[in-house]
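*Asks:* Sequence:
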Amino acid sequence: KRIRFALRIVRRLAGWMNWSFNVYPLLRPSLNNIYAKIRDADRNRPWALVAINLAIQRDLDWARAHIETLPGVIMLRELEWSLAEADTTAFCDASFNGMGFWLPLSNQGFVFRLPSTASEEWITFWEALCVASAIGYLSNLYQKSRIVIYSDNQNTVDMFSSLHALPKYNEILKFSSDCLINRQLQLRVVHINGADNVVADSLSRLNFTKAIHHSSGLSIDHFEPPRDALGAVQL
26 KRIRFALRIV
36 RRLAGWMNWS
46 FNVYPLLRPS
56 LNNIYAKIRD
66 ADRNRPWALV
76 AINLAIQRDL
86 DWARAHIETL
96 PGVIMLRELE
106 WSLAEADTTA
116 FCDASFNGMG
126 FWLPLSNQGF
136 VFRLPSTASE
146 EWITFWEALC
156 VASAIGYLSN
166 LYQKSRIVIY
176 SDNQNTVDMF
186 SSLHALPKYN
196 EILKFSSDCL
206 INRQLQLRVV
216 HINGADNVVA
226 DSLSRLNFTK
236 AIHHSSGLSI
246 DHFEPPRDAL
256 GAVQL
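Per the working numbering, the very first residue in the sequence shown carries number 26; after that it's consecutive.
Treat the hints as calculated values from the structure; they're not laboratory data.
Please note that a few of the clues may not be correct.
[To be verified] Pair ranges (Cβ atoms, derived):
1) Pro140 with Ile34: 40 to 50 Å
2) Pro140 with Tyr60: 22 to 32 Å
3) Asp253 with Val48: 17 to 27 Å
All C-beta atoms, glycine included, are put in the ideal place defined by N, C-alpha and C.
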């Protein structure tokens with residue numbers, strides 16, 4: 026049976042949850058599907074019924090599961106730190122050929138070749154998925170650490186800074202939040218000029234000779250994007 030609530034009630038729920046993000050900021054993706062429903066609803070009819078679809082139910086269950094285990098206190102020192110204090114960094118990029126991220130500390134490059142059907146309208150998705158892939162990889166290596174990821178795609182930087190995005194990106198954000206929460210990681214995604222992102226750009230274009238030229242001794246391996254971040258997208 027489909028669950029429906031009045032638009033006014035849905036807005037109230039969103040308001041309560043938004044307030045809780047002062048303590049649980051990494052749970053912001055739990056509202057992205059709700060926000061999409063509110064935008065689509067008739068704003069002039071506050072008692073119009075809004076269908077709570079499966080995506081919204083899963084998002085709310087996801088938030089509830091984390092709230093039940095997370096501490097209810099956030100320290101300011103966990104939010105305020107400089108780029109120089111990062112324990113590790115990664116550079117990410119995507120093109121119509123593939124995705125690539127570079128870890129300068131270990132001089133490792135990772136590449137995923139995109140299908141030939143990859144289109145221009147999906148470039149931000151690939152850019153964001155590349156960042157999530159780097160987060161997933163680093164979360165297996167680090168705990169209670171600070172991570173900085175550089176991207177030359179401003180939309181991706183904004184998405185990870187706010188954790189607010191359209192529904193098609195939401196599984197990427199939820200996966201990333203899971204990694205950060207489970208490993209107690211702190212993340213900053215920072216914009217970088219394309220000219221300063223040559224290694225990751227070359228990896229994403231599968232131009233390995235150029236990547237090695239700009240980072241001598243670079244080792245290059247294949248990576249698989251995290252399935253939990255793909256949502257309905259098939260690769």
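*Asks:* Does each hint fit the structure? Answer for all of them.
*Replies:* Hints, verified against the model:
Look at Pro140 against Ile34: about 42 Å separates their beta carbons, and that is inside 40 to 50 Å. Separation of Pro140 from Tyr60 is about 30 Å and conforms to the stated range, judged on CB atoms against 22 to 32 Å. In this structure, Asp253 and Val48 meet the distance hint of 17 to 27 Å, their C-beta atoms being roughly 25 Å apart.
Figure legend: structure checked against the earlier numbered hints; every hint is met.
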